[in-house]
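If you're matching them up, the sequences are chains S and R in order. Residues in the first sequence are numbered consecutively from 17, following the working numbering. Residues in the second sequence are numbered consecutively from 17, following the working numbering.
Rather than coming from a laboratory, the hints here were simulated on the basis of the structure. Check each hint, because a few of them may be wrong.
Because identical chains share one entry, a pair is satisfied inside a single copy or across any pair of copies.
[What the hints assert, rightly or not] Using 20 Å as the maximum straight-line C-alpha spacing, the simulated SDA-like pairs for lysine to any residue come out as follows:
{"hint": "1", "residue 1": "Lys148", "residue 2": "Trp125"}
{"hint": "2", "residue 1": "Lys148", "residue 2": "Gln126"}
{"hint": "3", "residue 1": "Lys19", "residue 2": "Thr76"}
{"hint": "4", "residue 1": "Lys19", "residue 2": "Trp125"}
{"hint": "5", "residue 1": "Lys19", "residue 2": "Gly132"}
{"hint": "6", "residue 1": "Lys148", "residue 2": "Gln107"}
{"hint": "7", "residue 1": "Lys56", "residue 2": "Glu181"}
{"hint": "8", "residue 1": "Lys148", "residue 2": "Glu92"}
{"hint": "9", "residue 1": "Lys42", "residue 2": "Glu85"}
{"hint": "10", "residue 1": "Lys148", "residue 2": "Thr124"}
{"hint": "11", "residue 1": "Lys148", "residue 2": "Ala167"}
{"hint": "12", "residue 1": "Lys148", "residue 2": "Met183"}
{"hint": "13", "residue 1": "Lys148", "residue 2": "Gln127"}
{"hint": "14", "residue 1": "Lys19", "residue 2": "Met183"}
Every value quoted in this text rests on a predicted model; they were computed, and no experiment measured them.
There are 2 protein chains.
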Amino acid sequence: MEKQILVDMDGVLADVYSQYINYEFKNTGTLLHMEELEGKSEFSFPSFRNYVMTPGFFRTAPVIPDSVEGLHYLNERFRVLIVSSATEFPQSLTEKQAWLNEHFPFITWQQMIFCGSKESIRGDIMIDDHPKNLNHFVGQRIMFPQPHNNASQVENCIRVSGWKEIMSLNWMGVHA
Amino acid sequence: MEKQILVDMDGVLADVYSQYINYEFKNTGTLLHMEELEGKSEFSFPSFRNYVMTPGFFRTAPVIPDSVEGLHYLNERFRVLIVSSATEFPQSLTEKQAWLNEHFPFITWQQMIFCGSKESIRGDIMIDDHPKNLNHFVGQRIMFPQPHNNASQVENCIRVSGWKEIMSLNWMGVHA
């Protein structure tokens with residue numbers, strides 16, 4: 017049977033860090049640098065929490081470089097499910113689906129899961145930027161780079177540099 | 017470990033049949049009777065598909081009798097996840113969460129999953145009205161009565177008459 021791969025949205029497809037920097041600049045005039053965000057969860061910034069509750073934040077987020085090509089690559093080889101933590105921010109639900117439909121039109125509504133916790137979603141491979149999600153996952157773990165996870169250690173996890181590396185992985189050797 | 021129970025929303029918590037009858041009457045003046053709906057999926061009625069795409073349909077759906085008490089009962093004994101097919105009708109996502117928050121305030125955002133397909137959601141027990149969902153489920157299957165499933169046969173499935181019976185089940189004997 018085709019392997020099932022769970023792909024995270026924020027920080028893997030949607031560039032929420034860049035969006036945070038955009039919002040902070042527009043709202044306060046302060047230009048944050050990625051280095052200031054390193055090692056910290058995006059949710060540790062109070063202004064981040066405010067912004068994600070603002071209508072439009074998820075709907076207008078930039079797309080992570082090479083993710084359209086990369087997800088298309090995976091979608092032709094695996095059963096892809098987009099699994100996104102969304103119910104904490106209710107207005108994000110409809111925005112996230114509209115955003116996916118716009119940027120990844122080859123992903124169908126059958127392939128989308130919006131949840132609170134990812135612990136109960138079954139899959140063979142997970143691509144995520146959050147150690148809390150990867151740590152719970154039984155299967156091949158792939159960590160996508162984001163400033164908050166630079167120093168994170170997750171057992172039995174492949175750390176990639178981005179979507180180009182995901183496309184160059186030896187997928188025949190990635191086991192569940 | 018606490019058993020995990022997946023509870024469907026439409027047809028188990030939300031009375032979408034009554035809502036359909038309400039909408040049909042308001043829109044066409046025709047009063048449908050439950051008997052006319054028997055044995056047919058609600059989605060086989062073209063007007064049903066139109067109504068579920070109308071803003072407000074899910075947000076104002078009536079609550080299934082005894083479901084508040086019943087879900088509260090389960091929530092004190094199991095790890096409850098509300099699993100709802102929602103991504104086919106994008107505007108339903110935010111409406112469904114607001115509806116849950118209003119009528120079932122003891123269910124947290126961590127306990128909600130809005131998806132396209134339920135096949136990849138892990139659990140020990142599933143309460144659902146749709147045979148297509150129960151048939152895929154590995155674990156104890158409980159069918160909730162709705163006009164469309166009166167004659168449906170699902171293997172290894174307990175058919176209940178409603179929430180009162182769910183509360184009176186011998187849960188010690190319900191195995192995963």
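Hint check results:
For the homomeric pair lysine 148 and tryptophan 125, the shortest alpha-carbon distance between copies (17 Å) is at most 20 Å, but the shortest distance inside one copy (26 Å) is not. Proximity of lysine 148 to glutamine 126 under the C-alpha cut-off of 20 Å is restricted to the inter-copy arrangement: shortest distance 14 Å between copies versus 25 Å within a copy. Proximity of lysine 19 to threonine 76 under the C-alpha cut-off of 20 Å is found in neither arrangement, the shortest distances being 31 Å within a copy and 39 Å between copies. In this assembly of identical chains, lysine 19 and tryptophan 125 lie within 20 Å of each other by CA distance solely inside one copy; the values are 19 Å within and 29 Å between copies.
In the homo-oligomer, the alpha carbons of lysine 19 and glycine 132 lie at most 20 Å apart only across protomers (18 Å), although the nearest pairing inside one protomer, at 24 Å, exceeds that limit. Proximity of lysine 148 to glutamine 107 under the C-alpha cut-off of 20 Å is found in neither arrangement, the shortest distances being 23 Å within a copy and 29 Å between copies. Taking the closest pair of Cα atoms, lysine 56 and glutamate 181 never come within 20 Å of each other, the shortest separation being 24 Å inside a single copy and 49 Å across copies. Within a single copy, lysine 148 and glutamate 92 get their C-alpha atoms no closer than 28 Å, and across copies no closer than 26 Å, so neither meets the 20 Å cut-off.
In this homomeric assembly, lysine 42 and glutamate 85 never come within 20 Å of each other (Cα to Cα): the closest approach is 30 Å inside a single copy and 47 Å across copies. Within a single copy, lysine 148 and threonine 124 get their C-alpha atoms only as close as 27 Å, which misses the 20 Å cut-off; across copies the closest is 19 Å, which meets it. Taking the closest pair of Cα atoms, lysine 148 and alanine 167 come within 20 Å of each other only inside a single copy of the chain (14 Å); across copies the shortest separation is 44 Å, beyond that limit. Neither within a single protomer nor between protomers do lysine 148 and methionine 183 lie at most 20 Å apart by alpha-carbon distance, with minima of 24 Å and 35 Å respectively.
For the homomeric pair lysine 148 and glutamine 127, the shortest alpha-carbon distance between copies (17 Å) is at most 20 Å, but the shortest distance inside one copy (22 Å) is not. In this homomeric assembly, lysine 19 and methionine 183 come within 20 Å of each other (Cα to Cα) only inside a single copy, at 16 Å, whereas the closest approach across copies is 38 Å.
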